[in-house]
Amino acid sequence: MTKLYVLSIYQATPEVPLDTQSLDDITHRGRILSLDAGWSAEPTTLLNGLHMPDGIAISKKYGRVFWTQMGNPGSNDGSIMSANLDGSDVRSLMPKGAVNTPKQIVVDEEAGKLYFCDREGLRVHRCSLDGSNQEILVQTGDWVLNRDHQMDQTRWCVGIALSKQLNRVFWTQKGAPKSKQGRILCASLDMPEGETPQTRQDIELVAGGLPEPIDLELDESGPAPVLYWTDRGEFPYGNTLNKKTLVGSEVPDTEKKLGRQILAEGFAEAIGLALDHGNDCIWVADLGGRVWKCDMHKPAKKVKVYESETSVFTGLAIV
329 MTKLYVLSIY QATPEVPLDT QSLDDITHRG RILSLDAGWS AEPTTLLNGL HMPDGIAISK
389 KYGRVFWTQM GNPGSNDGSI MSANLDGSDV RSLMPKGAVN TPKQIVVDEE AGKLYFCDRE
449 GLRVHRCSLD GSNQEILVQT GDWVLNRDHQ MDQTRWCVGI ALSKQLNRVF WTQKGAPKSK
509 QGRILCASLD MPEGETPQTR QDIELVAGGL PEPIDLELDE SGPAPVLYWT DRGEFPYGNT
569 LNKKTLVGSE VPDTEKKLGR QILAEGFAEA IGLALDHGND CIWVADLGGR VWKCDMHKPA
629 KKVKVYESET SVFTGLAIV
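So the sequence shown is residues 329 to 647, counted in our numbering.
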């Protein structure tokens with residue numbers, strides 16, 4: 329049976345009102361939950377006390393779960409973490425401050441690499457599975473020396489996906505909330521000779537004018553790669569699950585009007601997603617504390633699998 333790993337960035341405690349807690353208390357209430365994809369059991373808490381967790385990825389090959397921790401808002405104290413699939417053997421791969429605000433993370437098992445976006449750090453990173461050999465692939469501004477760059481949300485890198493078939497890394501730059509400034513971009517996994525993360529000229533626009541794109545997933549199982557993403561922007565095109573065919577034959581009719589197809593809508597700030605070919609669905613987690621099962625072939629059809637009255641969900645992965 330498919331097992332879901334869901335990140336909760338915060339857990340409310342009705343007996344301790346929010347306005348009586350310190351910022352440090354509030355930002356250390358993150359959890360990793362394990363949830364069977366069936367329809368009965370309550371989730372199991374694998375880890376708690378996490379520092380604003382956001383992105384999560386799983387390596388079946390290495391039996392590890394990897395996740396990002398954003399740290400306190402406005403502080404350069406993000407971190408990258410890892411543990412066994414049962415929550416044991418927790419390791420810090422990058423200590424606080426090695427990254428600013430890490431977001432979605434993906435694993436390249438073949439190469440033994442992690443890729444992740446750093447939102448306020450304005451960067452796309454790559455490193456080994458133990459956190460070593462850290463590289464910057466893309467840098468959209470200078471968060472250290474230029475405050476305007478850091479505050480410009482069109483520069484914020486959030487979601488990430490890889491195409492080994494195309495040798496490309498894809499990422500989202502979300503733009504201001506509900507602003508229709510969001511973009512999805514891509515570049516080679518290899519840095520062009522003589523160029524830098526700030527100056528590389530091979531960056532391409534995949535989609536623009538999006539409400540507020542967040543996390544990405546790439547499916548290379550078919551004749552043409554297909555990109556999926558969540559968007560937490562404004563109705564009618566925000567708070568959606570989206571699909572775009574990248575290369576191949578003629579653009580599908582379902583994508584011609586918007587340049588993409590909307591598969592599901594009406595989320596409460598959709599964030600994490602995971603493709604599940606075994607169950608022929610896409611799982612989505614939202615900030616409203618809900619996990620959804622979305623049909624890959626029947627747009628607008630989604631089923632709520634789980635809802636928490638006290639949690640705020642971000643990243644999601646399956647094993």
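Quick caveat, the hints were computed from the structure, so don't treat them as lab data.
Check each hint, because a few of them may be wrong.
Unchecked claim - No more than 30 Å apart at the CA atoms, straight line, and that leaves these computed lysine-lysine pairs for DSBU-like:
no. : residue 1 : residue 2
1   : K441      : K424
2   : K584      : K630
3   : K331      : K585
4   : K630      : K388
5   : K389      : K584
6   : K630      : K585
7   : K506      : K584
Stated by the list, open to error - Have a look at the derived ranges for each label pair, beta carbon to beta carbon:
no. : residue 1 : residue 2 : range
8   : E532      : K584      : 19 to 29 Å
9   : E583      : Q462      : 17 to 27 Å
10  : E532      : H625      : 38 to 48 Å
11  : D364      : T527      : 45 to 55 Å
12  : I464      : N607      : 44 to 54 Å
13  : D458      : T372      : 38 to 48 Å
14  : E532      : M329      : 20 to 30 Å
15  : D623      : G537      : 22 to 32 Å
16  : R419      : Q526      : 28 to 38 Å
17  : A552      : T373      : 13 to 23 Å
18  : V418      : E438      : 22 to 32 Å
19  : V344      : M519      : 42 to 52 Å
20  : K584      : R419      : 45 to 55 Å
Glycine is no exception: its CB is placed at the ideal position from the N, C-alpha and C atoms.
Going through the hints against the structure:
{"no.": "1", "hint": "K441 / K424", "verdict": "holds (20 Å)"}
{"no.": "2", "hint": "K584 / K630", "verdict": "holds (23 Å)"}
{"no.": "3", "hint": "K331 / K585", "verdict": "violated (36 Å)"}
{"no.": "4", "hint": "K630 / K388", "verdict": "holds (27 Å)"}
{"no.": "5", "hint": "K389 / K584", "verdict": "violated (39 Å)"}
{"no.": "6", "hint": "K630 / K585", "verdict": "holds (22 Å)"}
{"no.": "7", "hint": "K506 / K584", "verdict": "holds (23 Å)"}
{"no.": "8", "hint": "E532 / K584: 19 to 29 Å", "verdict": "holds (20 Å)"}
{"no.": "9", "hint": "E583 / Q462: 17 to 27 Å", "verdict": "violated (37 Å)"}
{"no.": "10", "hint": "E532 / H625: 38 to 48 Å", "verdict": "violated (29 Å)"}
{"no.": "11", "hint": "D364 / T527: 45 to 55 Å", "verdict": "holds (48 Å)"}
{"no.": "12", "hint": "I464 / N607: 44 to 54 Å", "verdict": "violated (37 Å)"}
{"no.": "13", "hint": "D458 / T372: 38 to 48 Å", "verdict": "violated (27 Å)"}
{"no.": "14", "hint": "E532 / M329: 20 to 30 Å", "verdict": "violated (39 Å)"}
{"no.": "15", "hint": "D623 / G537: 22 to 32 Å", "verdict": "holds (26 Å)"}
{"no.": "16", "hint": "R419 / Q526: 28 to 38 Å", "verdict": "holds (31 Å)"}
{"no.": "17", "hint": "A552 / T373: 13 to 23 Å", "verdict": "violated (40 Å)"}
{"no.": "18", "hint": "V418 / E438: 22 to 32 Å", "verdict": "holds (25 Å)"}
{"no.": "19", "hint": "V344 / M519: 42 to 52 Å", "verdict": "holds (49 Å)"}
{"no.": "20", "hint": "K584 / R419: 45 to 55 Å", "verdict": "holds (47 Å)"}
Of the numbered hints stated above, those contradicted by the structure are hints 3, 5, 9, 10, 12, 13, 14 and 17, listed in ascending order.
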